[in-house]
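Use these hints to put chain U onto chain S, whose structure you have.
Protein sequence lines, in the order shown, are assigned to chains S and U. To convert, note that position 104 of the first sequence is 104 in the working numbering; the numbers rise steadily by one, no gaps. To convert, note that position 33 of the second sequence is 33 in the working numbering; the numbers rise steadily by one, no gaps.
Hints may be right or wrong, so weigh each one.
Stated by the list, open to error - Each computed SDA-like pair below joins lysine to any residue, with the alpha-carbon atoms no more than 20 Å apart: (1) Lys-49/U <-> Phe-105/S; (2) Lys-58/U <-> Glu-103/S; (3) Lys-78/S <-> Asn-10/S; (4) Lys-58/U <-> Phe-105/S.
Keep in mind that the hints were calculated from the coordinates and are not lab data. Bear in mind that the values here come from a model prediction, so they are computed numbers and not experimental data.
Here's the letter readout for the chains.
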Amino acid sequence: GAGVSQTPSNKVTEKGKYVELRCDPISGHTALYWYRQSLGQGPEFLIYFQGTGAADDSGLPNDRFFAVRPEGSVSTLKIQRTERGDSAVYLCASSSLGALIEEQFFGPGTRLTVL
Amino acid sequence: AQSVTQLGSHVSVSEGALVLLRCNYSSSVPPYLFWYVQYPNQGLQLLLKYTSAATLVKGINGFEAEFKKSETSFHLTKPSAHMSDAAEYFCAVSDLNAGNMLTFGGGTRLMVKP
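Pulled out of the complex, with its shape left as it was, chain S reads as follows (with noise of 0.2 Å):
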């Protein structure tokens, strides 16, 4: 079966633009998460839907950030007022069941450069 895509698979925008990256996980699984992995640093995690609901999103860095999985399906990052900053790959993983010792299947990522 299909893993989990993600896309688009690169987005180049400006600083200050509004940019939303989308995620469509394995199909059947409930939980769903989403990091962010910098040039030469290990993935941080920004939020786990568990469902449709956000089941903790402490790793989101400000308000600028949010995102929605409505359906329990697809998800959808939203980044508004981008800054360079922001510029990295971010990931998207998903798990049947979302217990602890389940695999994180893990999406290729989008790449994000703020110009």
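Relative to chain S, chain U alone:
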């Protein structure tokens, strides 16, 4: 709070040589530990995970890791490196107090010389 330290951002080995990638963690509760591999332009792929069953964990592609509580370590090894092992490797930890998020180390880029 949890943290993961990977010693050595770059490791170079010859084909056929032993691979050793180091990972030390900090966690106030018994941890769940993971190793992920990232090939260029691909997503992270799980190599293996420790969930308190056996301290020596075997993963895919001939990799294994040993959980040592006394050393707070979870080093990744492979007896004989292949060219195809060249990639970025990430160690990660998760625990009950942190919900379901993974805390990753900074990664180690493995280079394999012919």
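Determine which of the earlier numbered hints do not hold for this structure and return their numbers in increasing order. Structure breaks no hint.
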